[in-house]
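S.K.: Using the sequences and the hints, build the whole thing.
Okay, here's what each chain looks like letter by letter:
Protein chains: 2
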Amino acid sequence: MTGVRHPLPIPQAPYLDGPILLRDGRPAYLRRARPDDFAAVQELLRRSSDTARFFRFFHGVAAGDPDAARRLIAPGNEQGGLSLVVTVGPKGQEQIVAVGSYSHTHRPDVAEVAFLVEDDYQGRGIGTLLLERLAMAALEQGLTALEAFVMGENTDMLHVFANSGFRVEQGPGPEGWYIQLPLVPTEAGVQQMEARDRIATRASLYPFFHPRAVAVIGASRDPASAGAQVLANLITSNFQGPVYPVNPKAPFVMSIPTYPSVLDIPGPVDLAVVAVPRAAVMDVARQCAQKGVRALIVLTAGFAETGSDGAEAQRQLVDLVRGSGMRMIGPNCLGLIHAHPDVRLNATFAATPVRPGNLAMSSQSGALGLAVLEYAQELGVGFSSFVSVGNKADVSGNDLLQWWEEDEHTKAILLYLESFGNPRRFARLARRVARRKPIIAVKSGRTAAGQRAAGSHTAALANDDAMVDALFRQSGVIRTRTLQEMFDVAALIAHQPLPKGNRVAILTNAGGPAILCADVCEAEGLSLPTLPADVQARLRALLPPAASTANPVDMIAGATAEDYRRCLEILLGSDACDAAIVICVPTRAAVVPEVAKAVAAARATQPDKPVVCCFMSAQPIAPPGQEPPIRPVYRFPESAAHALARAARYA
Amino acid sequence: MTGVRHPLPIPQAPYLDGPILLRDGRPAYLRRARPDDFAAVQELLRRSSDTARFFRFFHGVAAGDPDAARRLIAPGNEQGGLSLVVTVGPKGQEQIVAVGSYSHTHRPDVAEVAFLVEDDYQGRGIGTLLLERLAMAALEQGLTALEAFVMGENTDMLHVFANSGFRVEQGPGPEGWYIQLPLVPTEAGVQQMEARDRIATRASLYPFFHPRAVAVIGASRDPASAGAQVLANLITSNFQGPVYPVNPKAPFVMSIPTYPSVLDIPGPVDLAVVAVPRAAVMDVARQCAQKGVRALIVLTAGFAETGSDGAEAQRQLVDLVRGSGMRMIGPNCLGLIHAHPDVRLNATFAATPVRPGNLAMSSQSGALGLAVLEYAQELGVGFSSFVSVGNKADVSGNDLLQWWEEDEHTKAILLYLESFGNPRRFARLARRVARRKPIIAVKSGRTAAGQRAAGSHTAALANDDAMVDALFRQSGVIRTRTLQEMFDVAALIAHQPLPKGNRVAILTNAGGPAILCADVCEAEGLSLPTLPADVQARLRALLPPAASTANPVDMIAGATAEDYRRCLEILLGSDACDAAIVICVPTRAAVVPEVAKAVAAARATQPDKPVVCCFMSAQPIAPPGQEPPIRPVYRFPESAAHALARAARYA
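These protein sequences, in sequence, are chains B and A.
Take 58 as the starting number for the first sequence in this note's numbering and just add one per residue.
Take 58 as the starting number for the second sequence in this note's numbering and just add one per residue.
Honestly, I wouldn't trust all of these hints.
[Stated by the list, open to error] In silico contact screen, one side only, chain B against chain A (beta carbon under 8 Å); selected entries:
| no. | residue |
| --- | --- |
| 1 | PHE111 |
| 2 | SER277 |
| 3 | ALA281 |
[As the list claims (entries may be wrong)] Output of the computed footprint for chain A on chain B, the stretches with three or more beta carbons under 8 Å from beta carbons of chain A:
| no. | stretch |
| --- | --- |
| 4 | 97-104 |
| 5 | 202-215 |
| 6 | 259-265 |
| 7 | 561-570 |
No wet-lab data here; the hints were simulated from the structure.
Backbone N, C-alpha and C define an ideal beta-carbon position, used for all residues, glycine too.
M.R.: As structure tokens, then:
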């Protein structure tokens, strides 16, 4: 603090006006206080306890004191003070549940800050959030510090300041503590802001992934309808909780008794899947809010993707959802799968069963999602969860990234993106998440033609592709050109450790495929070191004279499964390589399931090195009904090399 | 002819020393005459008819006239004359069957040319070839013209000059005609040289593709042996002629009586497949020569691919083969398939049956060939023929290009190359062939690592990749990065016409895949024009309001097979596009086999425009046992767009 500053106007910043999430995941809204908030603030004062009012004003204040309400709303605004309110409830029926403000002191560069949070809403992070936003505004206004007077008994508020992320200077004050916060955010502070956002987001998404009970609203008797298919998937996937079909016209669907509306369901409902016609969606959402449903999946299409009328309907739906403390996936989506064996939730109308595994995927296209689930099933790639985000009107890919970041069952995250709702937030989140687990993305709308095509789809504004590339690169996201490549890389990451370096050994029984493989390795940044003399000597002792031991190691056509095992053990045991690619063109000597078993056995001796297989055949890797002993297995040597190169670049 | 030149030394050019092919496909050898040819030339004179000698010397020459023989060998060499001989027969037992020479005249820049071709070898292009080579040497020596005196009765020789490709000046001479050839090759001449090479090459390959009878030498009773598998493939593919197993140890193989050696086979044998141990190959080849076999396929490995000993063995084998008028595929190869229904020759040890079709493929890797045949079978891609060229010791990919150029059953040619034996010849041939049918190539050894890997493989010297790229581009060859892409493109070319322009319409029932498809189209040089208003109006009349008609045409999820048919008919009927990509994510409304049928029906209305399908599902395109109504069908939209872009770029 080197001198006295004159405050600038209060900024019109987006962080002073917009939806927020409370620590329990409920949505709320934060904005600047307005003169017409007067009545609502009087209500807040009336609902607040004496203690709360006392902590705020340091003396007894009557519940309806108009002067107190005025001071809360307009804390000396003429001198540049700022007051923020937090509201909950649907639009037009908002209640103000907290007020935070700063007003100027005798020192022009320091403001005094104070809060009132309704008793029922305390402990949900509102104080911390208000302090953060007020501090940001004060900083932009040119102030150098905030100060506060807090009673010693007001431990909650002392806690808020102590954990604010600012360096706090605290001393005895006239009626408790005098606290000063120099407005220099600390590294810890930035991390805390992010942590709070993450915790709140995760809490709000929890009911999607772990609902105690699910309602399917629009569960039709027509088995071809989306509602009927969702119901069938929920039942056949053995979801561990009650599933309630809602249908006002049919008394039962799939032999299960229905309820005329969600309100008629006896027990609590955490998640509702909405598959009613578009005209009925608003009413259904309203009923869900009334029922206390916390998570909506709206399959119904006809919203922002269809034009301005639909966009307006979508805005109203979002307002309703946020205003009533719910969150929503969709509209215009395929649904959500949480394949974890303890949950087994398939709330989609996809026809393919999903294998439980360690990949998470979010797809901005439902149809593509269907295709992707089927392809993954064929490849033997399993999912921890899959979310078709549709129009992303509320829950976004960014929200899901935060969910999966902390999900111990998710090893890697796949994204099919047509647009970024908030590229800066994506960049920040992805950089953080990608440090812990790989993110593999296909971003469409790369070209002008693709962007035009995207324009008519999920109402997404396609972004400039060079920017997207930079964004992915900076945040450590693995971008693949095609869906197929995405799965090639994902299958590798799902089943093998990441390579610790870029040196690869190729083991093969045929020269041609090894050349193609070596080409792609080198072109994509992997290296094929010539093997050390001792390693070559050990290989030569096992192999016929015509074999080649330099690298690729070509065992030639007579190689058996046992040759594969022994040679691969030698290669993996050597310090000269970080990973191995095993190529096999099936012969009478090299029978696919035997070679697969041999490769798996050799790999077990060095479990920290990835082993990538290419079996150039459609022959099954394992006998029918058995799981393959090793994964992934590619059909073409180029794919194997490509996938390993991507994984190595990420690692 | 502006002045008198002094002749330069005769060039040491490769075209003056090397194997040649006669017009009937038999190999022969051309080289400069040596003093020790004297006896052999005397033999030639002795074998020649009086007429032939008369035509050469213009007067009666005794059959054994030593002076005539000397003049033939050394036509005034002290003045820079040149004499070439053509030999046939195995090394060490060559016979000289023709002599051609020029000697200097009183004008230092003009030489006189004359030929003697043994009667039995006339009409096989030897005179034409000698004239061509003599003319090339004369040109390099700095001569400006050749002249000749030809008797009027010697119509064959007059014909040779008339069709020499040089502008011929002809006038009455002392004893018939005086002919002068100014040494400026005409365009027609270059084409004729090529045509002669093509005809000779085709004739020499004919016994591989249309053998009257096949011997399998080394047809073992061990069903795992290559010989047994070739025999089994020949029998089960229903080859239209006798197949003789040769095995000195077993009296029958696969219930078929064997012969101890190829010499014991009663009837003629055109093609012999050799699967004996390396040590026995030379003897077997010698016996084949003796038997009059014209084509050898040597499966046996252990030749140039294994080092210098093997390379020497290979050289000896090639000498024997060429010296005895045979041609050879291999060694170290998988064999040859000619799938044409009239022939049905599967002379490989590949396990996969091959579907007859219109693609030809040559592969420099046998193992890759196996994998490729299996993959093609899955894709429903059929072959006219397939040749695993192995070490390319005699028959090369270039020879096969000439075969397939004229093969009416071959629509496109696939090449897997590790090296070019003769890049300049490849460039010349490929440019010519690619004007008539597409050539799609994968060339490995792109990188240093790949080239090192290739070094240990089929003894091929890998070429610099930038040069390879340029060579492909200049000659109109479609180069793909991966084997899979090669088949994606090949399947399109095999089953659809080439697009007449680069404007594509995309028809889809899902937005996401259409965006990915549009991206690749634009990135690869196709254009997606916005459809004309009248076309859009006609589409809108058929589709729900939420559909998009600009391009891509997104019929949205409810689209039926009938919608596909009607919309595709409108698109193909419009002048605004040259090709269509049809994307279908299967739904209850869009059932794969029905959509496939509908697409085929719409396509039939405009058979000149290619229609490329992408069905994002593993569901079968047709009921079991039925052929799909349309091909190709890709799994991913990116592959469909890629393949079409490559085809359009070629077209």
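S.K.: Identify every previously stated hint that the structure contradicts and give their numbers, smallest first.
M.R.: 1, 2, 4, 5, 6
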